[in-house]
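With the hints as your guide, set chain B onto chain A.
Protein chains: 2
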Amino acid sequence: MSNQSNPHSRGCFITVEGTEGVGKTTNIAWIRQCLTSYGIDPVMTREPGGTNLSEEIRALLLEPREEPMAEMTELLLIFAARAQHLARKIVPALDQGQWVLCDRFTDATYAYQGGGRSLDKSTISHLETLVQADLRPDLVLILDIEPEIGLQRARQRGEPDRFEQETLQFFRRVRAAYQERASQDPTRYLLIDAGQSLDKVQHQIQTGMAAFMSRRLAT
Amino acid sequence: MSNQSNPHSRGCFITVEGTEGVGKTTNIAWIRQCLTSYGIDPVMTREPGGTNLSEEIRALLLEPREEPMAEMTELLLIFAARAQHLARKIVPALDQGQWVLCDRFTDATYAYQGGGRSLDKSTISHLETLVQADLRPDLVLILDIEPEIGLQRARQRGEPDRFEQETLQFFRRVRAAYQERASQDPTRYLLIDAGQSLDKVQHQIQTGMAAFMSRRLAT
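So the sequences go chain by chain: A and B.
Heads up, the first sequence is in the numbering used here, so the first residue is 65 and it goes up one at a time.
Heads up, the second sequence is in the numbering used here, so the first residue is 65 and it goes up one at a time.
Bound-form chain A, shown alone (with noise of 0.2 Å):
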C-alpha cells in the first residue's frame, strides 16, 4: 500500500545511523528495497547534505583543513545544514505524503558530537528543537558494529575526511552514545548487529522493518 495513494497523510521520516565502514550504502540499497515491497517509493537523501547548499556545507564540514575547526563552529554548521535540508527537502516531502529515506540525522549528532566530541548534549537539544521543533525520525536504523572492523573498512576506500581521520577511542564513543539512545526508546530504534555476514544483517533489517510497518499500516 502506497502512502503516497494519499496526499493527505502525513509521510514517514525514516533515518539510518552507524559509524564509518559499518555497510550504511549497502543497508540502505535494502531498506529501500524492503519499502517497495510494501509499494513505497522513499524519497533518498543524506546528512550533512541533501540540498545543493547543504551539500556546500557538508564539503567545508568533511574537507580535512590546517585551520583546525571549533568544536562550536562544527555543532552549528551540522544544524545549518539541517535546517536547509528540512526545510527545502524533508519537510516538503513529508508535507506531500511522500516517505523520506535519510543516511544520517540528527542521532549522528548525538553520537558524533555528543559522544566523539563530548559536547554538551542538552546543547544539542536546544538546537534540535530551534530547529526541527517537534519533528523527529518515526524510525532509526542504527547500524552498529565494532569501530576496529568498520573503520579497518572504511580505510581501504581512499583519503579519509575529516571525521573518518579520528582516533578509535573516538568512534568508541560514537558507538556507545549510539547504543545508548537505541536502548532508551527502543520502540522507535532499531538496532542492528552489522557485525554480522550481510544475509543475517539483512533478515534483522526485514523484520525490523516489518514489525514497524505492521505497526504504522494499525495506526
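No lab work stands behind these hints: they were computed from the structure.
Some clues are possibly wrong.
Note that the list lumps identical chains together, so a pair holds whenever it fits in one copy or between two copies.
With a straight-line Cα cutoff of 20 Å, these simulated EDC-like cross-link-like pairs (lysine to aspartate or glutamate) come out [said to hold, decoys possible]:
{"no.": "1", "residue 1": "LYS153", "residue 2": "GLU131"}
{"no.": "2", "residue 1": "LYS153", "residue 2": "GLU192"}
{"no.": "3", "residue 1": "LYS153", "residue 2": "ASP202"}
{"no.": "4", "residue 1": "LYS153", "residue 2": "GLU130"}
{"no.": "5", "residue 1": "LYS153", "residue 2": "GLU135"}
Same frame as chain A, but now just chain B:
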C-alpha cells in the same frame, strides 16, 4: 599608551556597525587612525569572516543563489562563522592584550536577522550566549544613515550581494533595530550620524573615541 606593552591585561574589543553604503570602510580607517594616536595598533578583522574557514562561510552567506536560504540556515551559518572567528582570532588576540577592531559583529545579527528578517530576538540571544558566553564588544560604533541614501551609494559599487538585494523596508527595519540597541546602552554604544559631511562624521567619531579612551584609561 599601548595596551600591548602589558601582555597581562586583556585587550579591548571594538566593533563598527551600519547598513549598506554608510561609509564603513572609510570610517573604520579613521577609527584605526584614532586608536593609533593613542599608540594602539589594533587587529583589523570583519564578520562574517576573519579566518579562512569563516570567509568560506561568508561566501555561502553572501552569494545570491537559486535555492532560497532558510532564515534559520542563515542565522546558524552566521553564528558558525562567528564561533570560528572567536576561537581562532578574536579571543586569542584579546587574551594577548591586543585590541581588536571588527567590521560588524553580533549587533548586525540583531539588526539584520532580528530586525530585517523579524527573527525572534530570544533565539539570537540564546545563540549569542552559546557562542560568546559573556564576551561582548567593549564599544560599538553604529554608523547611522537613511537607508535610501546608503543603498543608492552601495548600488553604485557593482553587483549587489544577497543582502544588498533586500528591499528598502528591510533596511528600514535593520536601521531601527540598530537605533534601538544604541538607545538601550548609550555608554557602550556610539550612534554616529553618518549622513553628515565626512569632516563632521570624523569629528563625531573622534570625540566619541576620546570619551571612551578616557573612561578606559581611568579604569
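Now for the hints, and whether the structure bears them out:
1. Taking CA atoms no more than 20 Å apart as the test, LYS153 paired with GLU131 passes between copies only; the shortest distance there is 11 Å, against 31 Å inside one copy.
2. Within a single copy, LYS153 and GLU192 get their C-alpha atoms as close as 17 Å, which meets the 20 Å cut-off; across copies the closest is 28 Å, which misses it.
3. Taking the closest pair of Cα atoms, LYS153 and ASP202 come within 20 Å of each other only inside a single copy of the chain (17 Å); across copies the shortest separation is 42 Å, beyond that limit.
4. Proximity of LYS153 and GLU130 under a CA criterion of 20 Å is satisfied inter-copy only: 15 Å between copies versus 33 Å inside one chain copy.
5. In this homomeric assembly, LYS153 and GLU135 come within 20 Å of each other (Cα to Cα) only across copies, at 15 Å, whereas the closest approach inside a single copy is 27 Å.
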